[in-house]
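Novice: One letter stands for each residue in the lines below.
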Amino acid sequence: MTDAKPLVRAFILDNFLMGGDREGLSDHDSLLGRRVLDSTGFIELVTYLERTFGVRIEDHEMVPENLDSLDNIEAFLARKRVSRT
Amino acid sequence: MLLHEFLRSSVHRTPDKVALVAGTERVTYSKLDRRVQRLAAGLQSRGVRRGDRVAIFLENGIEAVVAWYAVLRAGAVFMVVNPFTKRGKLSYLLNDARASALVTSVSLLPEAAAAVQAAASVSFVIVAADATPVNYDTRCLSWASAESDSPVSEPGTIDVDLASIVYTSGSTGRPKGVMLTHLNMTTAATVVSGYLGLTADDIIFSALPLSFDYGLYQILMSVQVGASVVIDRSFAFPVKALELMERERVTVFPGVPTMFAMLTGVRSLSEFDLASLKIISSTAAVLPEQRIRELRALFPQAALFSMYGLTECQRVSFLPPEQLDVRPSSVGRGMPNSEVWLVDEAGAQLPNGSTGELVVRGSHVMRGYWGNPEATAERLKPGPYPGELVLYSGDIFRSDSEGYLYFVARKDDMINSRGEKVSPREVESIVHALDGVLEAVVVGVPDELLGEAIKAYVVLRPGYTYTERDVIRHCLAHLENFMAPKFVDFVGELPRTDTGKVYKKGLHSVPGGLAPKAS
Numbered sequence: 004m005t006d007a008k009p010l011v012r013a014f015i016l017d018n019f020l021m022g023g024d025r026e027g028l029s030d031h032d033s034l035l036g037r038r039v040l041d042s043t044g045f046i047e048l049v050t051y052l053e054r055t056f057g058v059r060i061e062d063h064e065m066v067p068e069n070l071d072s073l074d075n076i077e078a079f080l081a082r083k084r085v086s087r088t
Numbered sequence: 294m295l296l297h298e299f300l301r302s303s304v305h306r307t308p309d310k311v312a313l314v315a316g317t318e319r320v321t322y323s324k325l326d327r328r329v330q331r332l333a334a335g336l337q338s339r340g341v342r343r344g345d346r347v348a349i350f351l352e353n354g355i356e357a358v359v360a361w362y363a364v365l366r367a368g369a370v371f372m373v374v375n376p377f378t379k380r381g382k383l384s385y386l387l388n389d390a391r392a393s394a395l396v397t398s399v400s401l402l403p404e405a406a407a408a409v410q411a412a413a414s415v416s417f418v419i420v421a422a423d424a425t426p427v428n429y430d431t432r433c434l435s436w437a438s439a440e441s442d443s444p445v446s447e448p449g450t451i452d453v454d455l456a457s458i459v460y461t462s463g464s465t466g467r468p469k470g471v472m473l474t475h476l477n478m479t480t481a482a483t484v485v486s487g488y489l490g491l492t493a494d495d496i497i498f499s500a501l502p503l504s505f506d507y508g509l510y511q512i513l514m515s516v517q518v519g520a521s522v523v524i525d526r527s528f529a530f531p532v533k534a535l536e537l538m539e540r541e542r543v544t545v546f547p548g549v550p551t552m553f554a555m556l557t558g559v560r561s562l563s564e565f566d567l568a569s570l571k572i573i574s575s576t577a578a579v580l581p582e583q584r585i586r587e588l589r590a591l592f593p594q595a596a597l598f599s600m601y602g603l604t605e606c607q608r609v610s611f612l613p614p615e616q617l618d619v620r621p622s623s624v625g626r627g628m629p630n631s632e633v634w635l636v637d638e639a640g641a642q643l644p645n646g647s648t649g650e651l652v653v654r655g656s657h658v659m660r661g662y663w664g665n666p667e668a669t670a671e672r673l674k675p676g677p678y679p680g681e682l683v684l685y686s687g688d689i690f691r692s693d694s695e696g697y698l699y700f701v702a703r704k705d706d707m708i709n710s711r712g713e714k715v716s717p718r719e720v721e722s723i724v725h726a727l728d729g730v731l732e733a734v735v736v737g738v739p740d741e742l743l744g745e746a747i748k749a750y751v752v753l754r755p756g757y758t759y760t761e762r763d764v765i766r767h768c769l770a771h772l773e774n775f776m777a778p779k780f781v782d783f784v785g786e787l788p789r790t791d792t793g794k795v796y797k798k799g800l801h802s803v804p805g806g807l808a809p810k811a812s
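Protein chains in written order, with our numbering: chain A, 4 to 88; chain B, 294 to 812.
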C-alpha cells in the first residue's frame with residue numbers, strides 16, 4: 004500500500020491536470036481548494052480508488068479528511084488495509 | 294427599491310442576528326453592513342463610480358457577499374465569475390464588460406493576475422488577504438488596504454440602473470452578459486421569496502455556487518427577509534453537507550437535480566436528523582419523477598418546489614407543492630407579478646394544450662445582453678403591448694388544458710449539464726485548439742447524475758493520436774469544469790446533411806461510422 008500515492012498522483016495528473024499545474028500539486032494540497040476536483044471529480048476518484056485498491060468506500064468515509072489531498076488519501080488507504088487484515 | 298436597501302432594512306430590524314455562516318465564521322447583519330460600508334468607501338476612493346463594472350472572482354464565502362453589496366452601495370455593477378473560470382475566458386469577460394476592478398482570493402490570484410495582464414480596463418485588483426500580495430501585478434492590493442473609513446458618497450442610483458451582469462454561455466460560443474437592473478432583481482427576489490414563504494426565521498443551506506444566479510439569489514432573498522444563510526463551499530462531500538445541515542438546523546435546501554441525485558445516493562441519509570427542513574427547491578434542469586418520489590419519501594415534512602428559470606429573468610415558474618401528485622413532471626404555470634405564454638414559430642400566442650416557445654413578461658426580464666444588440670434582439674422582442682419587449686426563452690414547452698407547463702426541449706442545441714447551460718460552440722472551439730484536431734462537434738447525452746453529459750466527437754489529422762483523457766484534460770485546462778466533455782469518441786468523419794452542415798442527430802445513430810474509442 005506504500006505505492007498508493009504515486010498511483011493516485013498519476014491518476015489525478017493524467018485525468019485532471021495540464022501544463023504547469025502538474026508540477027505544482029503537492030502532497031498536502033487540497034484537491035477541492037485548488038479546484039483540481041469538483042463534486043463529480045471526487046466521484047470519479049472514489050470509483051478509481053475502489054477499483055484500483057480493492058476497497059469499498061462507505062458514505063461516511065467520503066469526507067475531506069480521507070480524500071481531499073494525496074497525503075489524506077494515502078493515510079486513508081493505509082487505515083482501510085489495516086482494518087481489513 | 295434598490296437591491297442593497299434590503300440589507301439596510303435587515304440591519305435596522307435585526308442588527309445582531311446572524312446573516313451568514315461559512316466555515317467557522319458567523320457574521321451578523323450589523324457586521325456584514327460594516328464590512329460592506331468599508332469596502333464600498335474603498336472602492337469609491339479608488340475611483341469606482343456609478344455604473345462601473347466590478348468583477349467578483351471568488352469562491353463561495355462571506356467575502357463574495359460583502360463584495361457584491363459593496364459594489365452596489367458604491368453605485369457600481371457587480372459581475373459574478375465562476376471560480377473555475379480560466380485566465381483566457383476571464384480576460385474575455387473583463388474586456389467585454391470593461392470592468393474597472395476585480396475582487397479575488399489568494400488561491401485564485403494566479404489565474405486572476407494572468408487575466409488582468411490582458412485587461413487594461415482593470416485599474417485595481419482586491420485580493421481577499423491580510424497582506425498585499427507580492428510578485429504579482431502592481432494593481433493588486435490586499436482587502437485590508439482596499440477598505441476605507443471614509444463615509445460612502447451617495448451615488449444616486451435609481452432602480453432602472455444596472456445592479457449586476459451575469460455571464461451565460463452563448464449559442465455562438467461567446468459568453469453573453471445578462472444585464473439585470475435593481476428592479477429586475479428586487480422583483481425576482483420578492484416574488485420567489487414570497488411564493489416559497491421565506492421568513493426571517495429561516496436558515497437556508499446553500500452549496501450552490503454563488504457565481505450561479507440561483508446561488509446568488511439565495512443570499513439576496515435571505516437578506517431581504519432577514520433570514521440566515523449557511524454557505525458551503527460545494528456539494529463535493531455530501532455527508533459533510535448533511536452534518537452541517539443537521540448542526541445548523543437548516544429549514545431551506547435549494548439544489549439542482551445533480552445535487553439531489555448525490556444526496557439520495559447517500560445510504561446513511563436516514564441517520565441525519567433533518568426534521569427542521571421545511572422547504573426544498575429545485576431548478577436549473579428537469580427533476581426526474583423518480584427523484585421527486587425519493588425526496589418526498591425522505592423528507593415528508595418538507596414542501597418540494599419544482600421550478601424553472603433562466604438567467605435572463607431568474608425565475609419563470611414554480612409548481613405549487615400540492616400539485617406534485619397531480620402533475621409531477623410540470624414546472625407550474627408562471628408566478629405572481631409576471632405572465633407567461635407559448636407562441637408558435639410566427640410569434641402567435643397558442644392556447645392551452647399546445648407546444649411552443651415560452652415567452653415571459655414582467656419587470657424581472659433583463660435589460661438585454663451587454664454590448665450585444667444582435668443577441669438581445671433574438672431574445673427580447675415586441676410583445677402584445679405597444680412599446681414593450683418580452684423575453685423569448687428559447688425553451689420549448691407544452692402546456693396542459695389548465696396551462697401547466699412541461700419542458701420539451703431547447704430551441705437551440707445548448708446542453709444542460711449539472712443545471713448549467715453549456716454552448717457546444719464554446720467547447721468545440723477549445724477542442725479545435727488542440728493540435729492535430731481536424732474537426733470536433735459536441736453534443737449532450739443523457740446522464741443519470743448530470744442530466745446531460747457532454748460528449749465530443751473528434752476527427753484527428755493523420756499522424757495524431759490522443760486518448761479520451763488527453764482531450765478531457767485539455768478542456769479542463771481551458772474551460773470551467775462543468776463544460777469539459779465526459780466522453781470523447783474519435784471518428785473517421787462526421788455525418789453531414791446534403792448542404793454540408795454537420796448533422797448532430799446523426800452522430801447517435803451511425804455506430805458503423807465511428808472508429809473504435811481510443812483506450
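Note that these hints are calculated values from the structure, not bench results.
There may be inaccurate statements among the hints.
Okay, derived cross-link-like pairs now, DSSO-like style, lysine-lysine, Cα gap no bigger than 30 Å in a straight line [said to hold, decoys possible]:
| no. | chain 1 | residue 1 | chain 2 | residue 2 |
| --- | --- | --- | --- | --- |
| 1 | B | Lys310 | B | Lys533 |
| 2 | B | Lys779 | B | Lys794 |
| 3 | B | Lys798 | B | Lys748 |
| 4 | B | Lys324 | B | Lys310 |
| 5 | B | Lys748 | B | Lys674 |
| 6 | B | Lys379 | B | Lys674 |
| 7 | B | Lys797 | B | Lys779 |
| 8 | B | Lys779 | A | Lys8 |
| 9 | B | Lys798 | B | Lys704 |
| 10 | A | Lys8 | B | Lys533 |
| 11 | B | Lys310 | A | Lys8 |
| 12 | B | Lys533 | A | Lys83 |
Chain A residues, not near chain B, derived (Cβ > 10 Å throughout) [said to hold, decoys possible]:
| no. | residue |
| --- | --- |
| 13 | Pro9 |
| 14 | Ala78 |
| 15 | Arg82 |
According to the in silico footprint, chain B covers these stretches of chain A (three or more CB under 8 Å from chain B) [claimed, not checked]:
| no. | stretch |
| --- | --- |
| 16 | 10-20 |
| 17 | 60-66 |
Just so you know, even glycine gets a beta-carbon here, dropped at the ideal spot from N, CA and C.
Novice: Now look at each hint and say whether the structure bears it out.
Specialist: Structure-based check of all given hints:
1. With a C-alpha separation of about 25 Å, the suggested pairing of B/Lys310 with B/Lys533 holds against the 30 Å cut-off.
2. Restraint check for B/Lys779 and B/Lys794: the C-alpha separation of about 24 Å stays at or below 30 Å, so the hint holds.
3. Restraint check for B/Lys798 and B/Lys748: satisfied, since their Cα atoms lie roughly 13 Å apart, inside the 30 Å limit.
4. Restraint check: the Cα-Cα separation between B/Lys324 and B/Lys310 comes to about 10 Å, which is no more than 30 Å; the hinted pair holds.
5. Taking the CA atoms of B/Lys748 and B/Lys674, the gap is near 33 Å; set against the 30 Å cutoff, the hint is violated.
6. Straight-line distance between C-alpha atoms of B/Lys379 and B/Lys674 comes to about 34 Å, which puts the hinted pair past the 30 Å bound.
7. Straight-line distance between C-alpha atoms of B/Lys797 and B/Lys779 comes to about 17 Å, which keeps the hinted pair within the 30 Å bound.
8. Among the hinted pairs, B/Lys779 with A/Lys8 is consistent with the structure: their alpha-carbon atoms are about 25 Å apart, no more than 30 Å.
9. A threshold of 30 Å between alpha carbons decides the hint, and for B/Lys798 with B/Lys704 the separation of about 14 Å falls inside it, so the pair holds.
10. This hinted pair checks out: A/Lys8 and B/Lys533 have alpha carbons roughly 24 Å apart, not beyond 30 Å.
11. Only pairs whose Cα atoms come within 30 Å are accepted, and B/Lys310 paired with A/Lys8 is rejected, the gap being roughly 46 Å.
12. The hinted pair formed by B/Lys533 and A/Lys83 meets the criterion: a straight-line CA distance of about 20 Å does not exceed 30 Å.
13. Against chain B, the non-interface label of A/Pro9 holds: every CB pair exceeds 10 Å, the least being about 18 Å.
14. Here A/Ala78 stays apart from chain B, with its beta-carbon at least about 17 Å from theirs, past the 10 Å limit.
15. Residue-level check passed: A/Arg82 sits 17 Å from the nearest beta carbon of chain B, beyond 10 Å.
16. With 4 residues bearing a CB less than 8 Å from a CB of chain B, the stretch 10-20 of chain A meets the requirement of three and the coverage assertion stands.
17. Check on the stretch 60-66 of chain A: 5 of its residues sit with their Cβ under 8 Å from a Cβ of chain B, so the three-residue criterion for coverage holds.
In summary, the structure is inconsistent with hints 5, 6, 11 from the numbered list given earlier, while agreeing with the others.
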